[in-house]
Structure formats: structure tokens, C-alpha cells
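J.: These protein sequences, in sequence, are chains A and B.
Every letter in the first sequence is one number past the one before it in this note's numbering, and letter 224, counting from 1, is 224.
Every letter in the second sequence is one number past the one before it in this note's numbering, and letter 158, counting from 1, is 1158.
Calculated directly from the structure, the hints in this document are not laboratory data.
Glycine residues also receive a C-beta, built at the ideal position from the N, C-alpha and C atoms.
Be aware that one or more of the hints could be misleading.
What the hints assert, rightly or not - On the chain A side, residues computed to face chain B include the following (Cβ under 7 Å): (1) E44; (2) E45; (3) F58; (4) Y113; (5) P158; (6) K159; (7) F160; (8) D163; (9) V182; (10) W183; (11) Y186.
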Amino acid sequence: MARSNHAEEKHYIRMTIHERIQHHLVWSTFITLAVTGFMVEFPEEWIAVFGQYREPVFYWRGLLHRIAAVVMIANLFYQTWYLAFTRDGRSYFMDMLPTLQDAKDMLFNMLYYLRISKDKPQFDRFNYKEKMEYWTGWIGNIIITLTGFVLWLEHLFPKFFFDVSILVHTMEAILASCAIMVWHFYEVHLKPGKFPMSKIFLNGKIPEHELEEEHPLQYQRIKQAEEASAASKA
Amino acid sequence: MKPQTLLIRTFVILVSMTLWLQAPPEVRAADVENCALCHKYSGLGRIDDDGKKRLFYVNEDLYAHSVHARVKCKGCHVNVEKFPHVDLEKVDCATECHIVEPSVEKKFSHAKDVEKYEQSVHSKYDGEKLKDNADDLPGCTYCHANRIFEPLLCEPGKPNTIACELLDRCLACHEDERWAQTFYSHVTHRMKERRSSYDTVTLCASCHEDQEKMSRHGLEATGTYRDTFHWQSIKYNDPNAPNCIDCHAPVGYLAHEIKPKTDPGSAIHQDNLVQTCSNINGLQQCHPDATAAFAQGKIHPSGAKAKVFDTKLDTFEVKELIKKGEARPFKSLMQERAQEDMTTLEYYQSLILLLIKYFYKILIAGLISFMIIHQILDFFATRREMKKGGHH
Chain A
1 MARSNHAEEK HYIRMTIHER IQHHLVWSTF ITLAVTGFMV EFPEEWIAVF
51 GQYREPVFYW RGLLHRIAAV VMIANLFYQT WYLAFTRDGR SYFMDMLPTL
101 QDAKDMLFNM LYYLRISKDK PQFDRFNYKE KMEYWTGWIG NIIITLTGFV
151 LWLEHLFPKF FFDVSILVHT MEAILASCAI MVWHFYEVHL KPGKFPMSKI
201 FLNGKIPEHE LEEEHPLQYQ RIKQAEEASA ASKA
Chain B
1001 MKPQTLLIRT FVILVSMTLW LQAPPEVRAA DVENCALCHK YSGLGRIDDD
1051 GKKRLFYVNE DLYAHSVHAR VKCKGCHVNV EKFPHVDLEK VDCATECHIV
1101 EPSVEKKFSH AKDVEKYEQS VHSKYDGEKL KDNADDLPGC TYCHANRIFE
1151 PLLCEPGKPN TIACELLDRC LACHEDERWA QTFYSHVTHR MKERRSSYDT
1201 VTLCASCHED QEKMSRHGLE ATGTYRDTFH WQSIKYNDPN APNCIDCHAP
1251 VGYLAHEIKP KTDPGSAIHQ DNLVQTCSNI NGLQQCHPDA TAAFAQGKIH
1301 PSGAKAKVFD TKLDTFEVKE LIKKGEARPF KSLMQERAQE DMTTLEYYQS
1351 LILLLIKYFY KILIAGLISF MIIHQILDFF ATRREMKKGG HH
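Generate the whole structure from the sequences, applying the supplied hints.
T.: What follows is the structure, given as C-alpha cells:
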């Protein structure tokens, strides 16, 4: 991707400070939870690596998993507050709602990938990939939180609840980890032009050419608004 | 390391080893019967009438440090009278050995333990009658070896324990250090768990995970213990992690007297389960808030699947084959057992669990495959765009 005049290129805000803090909390707790969680699924030979430290490792594993879980759940409430009570949050929520257009976009994008259709679908602020990830993230988060609490407060429930919870908790974790690695890591780390990573999650700014290319409908709206305000000033 | 240094070190090690091997004779158990004359040779053995290889070598040094060090060979191998040793009786742990137990001045014997074991589910006898497939059942030596003493030790680098002073206190009166050491070991050896949890599970599982062996006795093999959190924490050496004994013979029960779960004297009998899970009387309270609802159902079954998949596996032909002994009765026995054991509620519960499992397996396989294909296509499309456009 040629980036002439990179230094002078205009940037637009893609992630507000709230969204960035929420994202940092999500990724850090997610990695902690995945590592400390899958540690109880490791085969024996891997655990042997810890040698004489197996016992403290196991203790800290459980403690860290619970701490990270509490932070992640708190972050869910933070995000709910953000979506409901701030202007940026409300617009984020409205733009994130799935529409029929997203289903069409997905279909036509696949056709475009397969070279059946020549035109690439024009995406708005959030494309179908981002919406899918966001909403499945919410669903997964709620499921894993509920089952996690059953496991934590095991004595309050019949054993059948416990059996269901441990199964769902593990399966959901496998699903979420695989999805993040395939879907999200490709999109923001491995995709040609993005490697090693998209910087948006750090500074929240998207370069103009990237906005125009990846979110053309949003870009057009911004441009029209800019022209309108320039005209009204003049 | 310089070659000279290596040489010197090797020399020092070799010399010290010789010194150790030539340790004063009184450190060893006195071999008054002179059995070691032949049995010290590591190649001593033969192939017996059943074609089984037998080894008759006894490592004197190991024996001298074992729990039976003070028992003479003939204390257990009772009728060794002549050469070659023919018509030997099998060693019986209930034999009175030639040690006089000092507190009651009676000859020592394991007869009491054997008696308890004979009444347990593991006994080879049902009253006077030999049980079917009695060879499968564990005798004393299946679980117990002539162990090396593992007394409480004062470990350098660890906080001072009573062990650091204990032997000194013994020696204040019992001046013979070897004598004191033996009895110190004898007593403190028993203050430790004899096996790690890992080894206990390995021992029990050597039979109880063998589906064929279990089906011969109408039992369900342990199917899912290694999927449980209990086993995961044993792998990490967590001191609170329960092994087989911790639930099947907890405080107040004896491992020698393990009873079937239908027996009210079993720790896993329905009436005793809450107590077993909570382990209120134990040093370690496991699930102190356990309720009857928490302690219901199966912990590590494999029969659940047999019941859920209770299709027409047992056709008439298969049953005929089983009768003739040409087919293994494993599947049918498992199903019978599962049918007897499971209530309708448990049946539907395991059905739900299986459905959830398959739902997730299909969801994960389907969704992740779709994602991988989608992203690969995206990769090539993006490459195409970059080649074509160059500048956006």
C-alpha cells in the first residue's frame, strides 16, 4: 500500500478513549482467562515443565482466572453504561445494530472474493465482520459469565447444573479462542497491509485513505458533513 | 572442565562409593540364615512350569532399608527347608512373623488387615467360596510392596519441623543409633501418605479403567475421572486434590474395607455422600457447603453413554455369540448396568449433556471452518487489490 505524504495525511477518530480503555481491558483479561483456563486442560507432559513449582502455579492460576473474570465482567457493565449514557456510546450502539444490509453485504462480499461479482460491497462504519464479532462476543461473554458463576458457587446448585456449566464453559472458551484467532487476529494483525498490527486500538485514529477504503459510506457522510459546515461558515 | 579435574572428580566419587559399599557390616540387616549367599546374585532366576519368568534376586541394600528389614527371610517364606527349595508355600501376609511386638509381647502378624480385606469388595472370596474371575482381584502385593522406609526428615532449607529434634530425643535413652533409627523410621514412615495422589490414581486405574476386566465383574469402568477438575489438580500436585482414596475411603473408612456403593458402610453410599464431599471431619474440608443436591449423580461414569446410546446393539446373534464365549459381553453388560443404575432423570440429564456437547462440536467445527475459508478468500482478494491498485 503506497503511503505518500504519510505524515501529512489526515486522520479521523475511530475509537474514543472509552472504547480504547474497554478494548484494552477486554484483550488483557481475555488472554489471561484463556491461558489460565486452558491450563486445566493441558496434557501431563506440559504440566511437568513447571516441575516443583506446579503447586504455586496451580494456586496462582485459579486466583488470576477469578481476578481477570471479575475485571472482564466489570468491563461489561462499563460498556453498558457507555452505550446507554454517552453520546458517543449511543451512536456506537446504533451503528453496531445488525441490519438486513449486512446479510446482503456478506453474500456479495463472498461473491466478490470468488470473483463472481466484480463490485466490492460498500461498508458503513461497522461492516458485517465487525458486527458479527461484536455481538457474538456479547453472547459468549454472558454465557461464560453465567456458567463461570455456577462453577465458582458450585455448592449452591445441583450437580447437573455444575455438569452443564463445566461443559458449556469449556466449549464456549474453545469457540471464543478459535474465533478470535481466526477472525480477529487475521483482520487486525495478519491481513496484508495490517501486519504486524493495526494501530487504531492504540491511538484511536484511522488514516483518511483507510477510512475511505474500508468504510466508504461513513467516509462519504463525513465528507458531506465537512462540506456542509464549510459552506455554512462561508 | 579440565580433563584432570574430571579425572580427580571421578576418582573421588569412585573411592567414596567403595567406602559406602564397605560400610560397617552392622548397618545391614543380619543375614543369619545366609540366604544372600545365593540370592545376592542379580541373575538368579528361572522360568517356572507356567512359562513365567521368575527373578529370585534380592538387593540386600534395598532390603536393609525396607519396612521389613528386621524380618528374617523365613519369617515370610516359611517352609524353606532344603535345596533346591521345592514345594514352597505362597507367602501369606497373615503369617505370624518372628518379630515380637514389644507393647503386647505377641508375635506380629498382618492377620487383622487380611481379615478386613477379606470382607471388602476386593476380596477373592465370597464367604468360603472363590469368586468368579478371582484372578482379577487384587491380593496384598498388588497394592503393597516391601517399601523403603521414608521417615520424617529434617529438610534443609525448609522451616524447622519436629522431625529436626525427634530422633535426638529418641537417642537420649536409646543409645544404639541403628536401633533408634529403625524404630524412628517405623513410626514416622506412617505419618506420611504412602503414595502421591498421582500414584494412587495410577494404581486404582490399572484395574478400574480396564473395561474388559470391569465388565467381567459387572462393573462400569471409570470413564471420565481424567476429565474432572479433581484429576487436573492432581496433575498440578495440588495438596487439596482428591485421589481415589480420598472419596472412596476418606476419614472414618479404611482402604482395606472398601465396600460396594450399595452398602451403607460405603463412603459413596447415597446417605454418606454429603459427608464425603464436605469431609467436615477431615483435616482438609473439601466442599464444606455441600448439599444433597450437590452430592447427587455420578462423578466419573462411562455407563451414561451406554444408556443414552441404548440402541439395538444386542442383537440375537450377538447374544448367542456371547453365550458361546465368542464375543465379549462388554457392551451388553455396560448397558445392563447403566439401565439398573440410572433413574429416568439421570437418563435425560446425560442426554441433555450429550446434546450440548454435540451442538458445540458442530458449531465450533462449522463456524471456525467458515471463518478460515472466509479469511483465506479475503487474503487473496486483498492481495489482488494491492497488485491492481498499488495506490488507494
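J.: Hint by hint, note whether the structure agrees.
T.: Verification of the hints:
1. E44: holds (6 Å)
2. E45: violated (10 Å)
3. F58: F58 of chain A check passes; min Cβ-Cβ to chain B is 4 Å, inside 7 Å.
4. Y113: holds (4 Å)
5. P158: holds (4 Å)
6. K159: holds (4 Å)
7. F160: holds (5 Å)
8. D163: This interface hint holds because 6 Å falls under the 7 Å limit.
9. V182: With a minimum Cβ separation of about 4 Å from chain B (threshold 7 Å), the hint on V182 of chain A holds.
10. W183: holds (5 Å)
11. Y186: holds (4 Å)
Checked against the numbered hints given earlier, the structure breaks only hint 2 and satisfies all the rest.
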